[in-house]
Amino acid sequence: MQLKVAVILLFSILFSFLEPQETRTPLAKPHCQRECGDVIIPYPFGIGAGCYHDKAFQVSCIHVLRGLFLPMFLDGTPILHISLDDAVVHVERRPSVYCYDESGQDPKTSVSVHLNQQFSISYTRNKFVAIGCDIFAYVIDWGSRNYTSGCASLCDDPNPIVGLTATSCSSVGCCQTTLPKYITSFDMRMFSINTFNRSWTTKPCSIAFFVDNKNVSDYTFNISEHITSDSFFFPIVYNWVIGNISCHEALKRGNLVCSTDSDCIDNIEGLGHWCHCKQGYHGNPYLPSGCQDINECEDPYSSPCQNGAVCINTPGNYSCRCQNGFVSDGNEHGHGCRHKQARSLVDLVISLATTSAAGALILIAFGSFLYLKLERLKRNNVKRKFFTRNGGLVLQDQLITSSTASALKTKLFSTKEIMKATDNFNESRVLGKGGQGTVYKGMLPDGSIVAVKKSNIVDEDQVGRFVNEILILSQINHRNMVKLLGCCLEYEVPLLVYEYVSNGTLHIISETRGIRLQIAGEVAGALSYLHSCASTAISHRDIKSDNILLDENYRAVNSLFEIHDALAANDGQIGEIFVVAKLAQRCLHWNAKKRQIMKVAAAVLDQLRRKQYQPPSPKKLKGKFSIATLVLILDGSPAFDGQHGESLD
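Residue numbers -20 to -1, 1 to 629, in mature numbering (1 follows the signal peptide of the UniProt record, and there is no 0), belong to the letters of the sequence shown in order.
If you're looking for bench data, these hints aren't it; they were derived computationally from the structure.
Predicted model only: the values in this text are computed from it and were never measured.
Check the hints yourself; a few may be wrong.
[Said to hold, decoys possible] Pairs of lysine to any residue, SDA-like flavour, derived with a Cα cap of 20 Å: (1) K358 with Q378; (2) K391 with E407; (3) K413 with L497; (4) K421 with L451; (5) K258 with I245; (6) K396 with S482; (7) K421 with L497; (8) K161 with N235; (9) K194 with K258; (10) K400 with Q378; (11) K400 with R356; (12) K258 with E479; (13) K524 with L497; (14) K35 with R356; (15) K35 with R74; (16) K194 with Q378; (17) K421 with G250; (18) K161 with Y127; (19) K413 with R356; (20) K396 with Q378.
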């Protein structure tokens, strides 16, 4: 018994030198015994009621010799050392002893070990060793009842001396192997594997045991000697965990024991979890506020900062500050501190160039931003100017005061929408050109196809008339009339948006009689609507094929009406229309003697043609005189009788 106690005390003393000196850090619960002998008992372990986490961590402090105490678990297992950092406990256990009896019979002995489920044999820190001759030692897991680990030991010498070191056997009468993961309850067994050689039956004994592969001292065994279970005690390392649930589950249930400034770590080998103070902290992570900041600057002889640098402690860390005249991080293991040197000419040039380049980039960026901003303002001002000139404000007021649903549906398109729809008035989108403007094919954002008419010129004096005609035409609701969808007045000339009719103008000459009659009937219906059914009588253009459109089903869609393009008209053009009408009337007179002779008609038309190609002039007096002269000709004035051969130029 005294030998056993001496061995245990020896290991306890050895482990006490490995114990970190944390006298200022609380490890046990308040008012609980902190130490037993030379072993510190930190919480969750504890001595006495209320000092441990649960029954598995209860420790008894046993008085073994005069003035000497030894901590033990409730099953009598001596405790050598408890570590919180890696959640292990070092204990001592007896080996499994295998000896033949006096008659040389195989006793078939075994040793059973049952640990609490929160403890397990560490497979990384222990090894399984068997010492003896012609034996096979193995371990059986109680959970699966399967063989888990084992090895065979053979001898040639009848009196071998076996040497066991911290790393290996001497290869004579000894074998070792690794352990399985997470083993808590097991049997250690041995049996003879040499049935023909009975030379070992006089005083043969063999042992099998687990042993810490780092903290074991050298052992020497004489197998011929009689060995009992009390002859040797071997240090073993247990892993321990809290509970049998993961960190996440413990947090979810509200019974996580890890304190602030600590991390919870799941047991990768099985159930449960354990706690660890964060980097820069030490203490007991299982006690409230048990993890305390490590003051790296407290000991001037072990300061992490270079000589001359000031160490500044921070929560969980530290920093170093170089003194005046020095630069860098000041860390002993970093760049340290170095003298601040005057900047060289090259450094100054590089710094100046870098600063100048950065300043130039900033100025360019700011200038570009300002330019784009001014350009945007300029474009908006131009749009507002065009919008006002083209009658946009008047049209807006009319739309607001109008009570008709069709007027409310009239849309004012933006220039951006029209330009996008027509691909910036791409020539490939042109559907047709006329004296009043050009028609483009376009597609709106919703995918609908439209026809966009771009007027040629603008007459600001006719704005009111133009707006009124837009409102009138927007009220047309007939399936055989082209619908006016809206307009854009932000552009330099008015842009009118109509529905698109896909099959072009009236061009069929070989279709069936039924289709031609259908088209004629639909044209007549549209004319009747314009003359009689519309709320306001609407004048229309000539009835000809160019003014009648067809869709893909040969539905006639009339474009007989037209905004007079009052913005594009002037007094001279109206007079010219009157002259042509007068000429037509004279040429078709029922009395042949009163019909206009062809020479005069040709002269009038030639004069109109010449006048059309004259550049516009603010002086309209000459234009009016020319028109008046043409009217006199048509009225049969003797001064302009074609029989006298007078020139009209």
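Structure-based check of all given hints:
1. K358 with Q378: violated, 28 Å
2. K391 with E407: violated, 25 Å
3. K413 with L497: violated, 29 Å
4. K421 with L451: It is violated: about 23 Å lies between the C-alpha atoms, which goes past 20 Å.
5. K258 with I245: holds, 11 Å
6. K396 with S482: At roughly 24 Å apart (the allowed maximum being 20 Å), S482 and K396 break the hint.
7. K421 with L497: Outside the cut-off at roughly 29 Å; violated.
8. K161 with N235: Violated, because 27 Å separates the two Cα atoms, which is more than 20 Å.
9. K194 with K258: Given pair K194, K258 is violated - Cα atoms ~26 Å apart, limit 20 Å.
10. K400 with Q378: Measuring from Cα to Cα gives roughly 27 Å; hence the hint is violated.
11. K400 with R356: Judged against 20 Å, a Cα distance of about 18 Å means the pair holds.
12. K258 with E479: Roughly 74 Å between the alpha carbons, so the hint for K258 and E479 is violated.
13. K524 with L497: holds, 15 Å
14. K35 with R356: violated, 80 Å
15. K35 with R74: With Cα atoms ~23 Å apart, K35 and R74 exceed 20 Å; violated.
16. K194 with Q378: violated, 99 Å
17. K421 with G250: Between K421 and G250 the Cα gap is close to 75 Å, so the pair fails against 20 Å, i.e. violated.
18. K161 with Y127: holds, 13 Å
19. K413 with R356: Given pair K413, R356 is violated - Cα atoms ~32 Å apart, limit 20 Å.
20. K396 with Q378: Judged against 20 Å, a Cα distance of about 24 Å means the pair is violated.
The structure does not agree with the numbered hints 1, 2, 3, 4, 6, 7, 8, 9, 10, 12, 14, 15, 16, 17, 19, 20 stated previously, though it agrees with the rest.
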